[in-house]
Amino acid sequence: MAPAAIVFYVLASVCVVSSVMVVTRRNPVHAALFLVLAFFAVAGIYVVLSAEFLAAVQVLVYAGGIMVLFLFVIMLVPLDLRAGLPPARHVAGSLLLAAVLAAVLVSIFWDAPSPAFMGSVGALTEGGGNIEAVGMELYRRYLLPFEIASVLLLVAMVGAVVLARPRI
Amino acid sequence: MVPTSHLLVFSLALFIVGLAGVLTRRNAIIVLMGIELMMNSANINFIAFSRQLGDLAGQVFSVFTIVVAAGEVAVGLAIIIALYRNKDTINIDEINIMKG
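Chains A and B, in that order, give the protein sequences. Residue 168, in this note's numbering, is where the first sequence stops; the numbers in between run on with no holes. Residue 100, in this note's numbering, is where the second sequence stops; the numbers in between run on with no holes.
Derived by calculation from the structure, the hints in this document are not laboratory data. Cβ atoms here follow ideal geometry from the backbone N, Cα and C, with glycine treated the same way. Among these hints, one or two may not hold up.
As the list claims (entries may be wrong) - Some chain A residues near chain B, calculated using beta-carbon distances under 7 Å:
{"id": "1", "residue": "V22"}
{"id": "2", "residue": "V23"}
{"id": "3", "residue": "A56"}
{"id": "4", "residue": "V57"}
{"id": "5", "residue": "L95"}
{"id": "6", "residue": "A103"}
{"id": "7", "residue": "L105"}
{"id": "8", "residue": "L163"}
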């Protein structure tokens, strides 16, 4: 097995285990810290998949920005540990639903013939590495969506400020 | 080289865990964390197919997904703070003012 594949399988198991911990820990602070671990593992998987730019963005935006937001809100809202205990009937129904979805999708993936590679990984890193390639694509072909995304971020910022005001 | 189907099964596992968290937990903050896990699994699918097809469009769309996730978390957490101010709880079982 190639070293990259071993790294992928290790990171994937770390990610799945820590995301299970996220949804099962009763204390939200522990859940947030396991979420950081899951995000870092996903960033490592992006590196294995030769998407270095996205790995950097994942660490900066998810493990940096979003986690700080989560921890701030956990700090502002008092810990109510009883809020972690749903009725058992509800848990059984939800887990059954998730298991049915997993079974259906696994059965589809299992029977599907493993498709051949249509392109080459070299196309993702053409001319000066992945970051330059993604930048070229982002500022040439996807310039308008890029600008619209910045407007979306502005709207989200204004919306968050308005929603979190004292009197609403 | 990791086969694309293994990547799909991994992202499926992440999505199912996030879905189970959203459906079972009562703490609104942890529900948002489950949604983040599901968005990450969608991103992994984008990147897996970007590698499979040798096309950068998947990576560009992942950037947009991350932008949307950042906005969603900011607004969602502001809603949680507003809810706590008005209802003194973030237990989503006790927040049912829109129950008709």
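Taking the hints in turn, this is what the structure says about them:
Restraint check, V22 of chain A versus chain B: the minimum CB separation of about 6 Å is within 7 Å; hint holds. Because the closest C-beta pair between V23 of chain A and chain B is about 3 Å apart, less than 7 Å, the hint holds. At its closest, the beta carbon of A56 of chain A sits 11 Å from a beta carbon of chain B; the interface hint therefore is violated under the 7 Å criterion. Checking V57 of chain A against chain B by beta carbon gives a least distance of about 6 Å; that is within 7 Å, so the hint holds.
Given hint, L95 of chain A at the interface with chain B, holds; its Cβ is 6 Å from that chain's nearest Cβ, closer than 7 Å. Because the smallest distance between the Cβ of A103 of chain A and any Cβ of chain B comes to about 10 Å, over 7 Å, the interface hint for this residue is violated. Hint status for L105 of chain A relative to chain B: holds, with the closest Cβ pair at about 5 Å, below 7 Å. With its C-beta approaching chain B no nearer than about 4 Å, L163 of chain A sits inside the 7 Å limit, and its interface hint holds.
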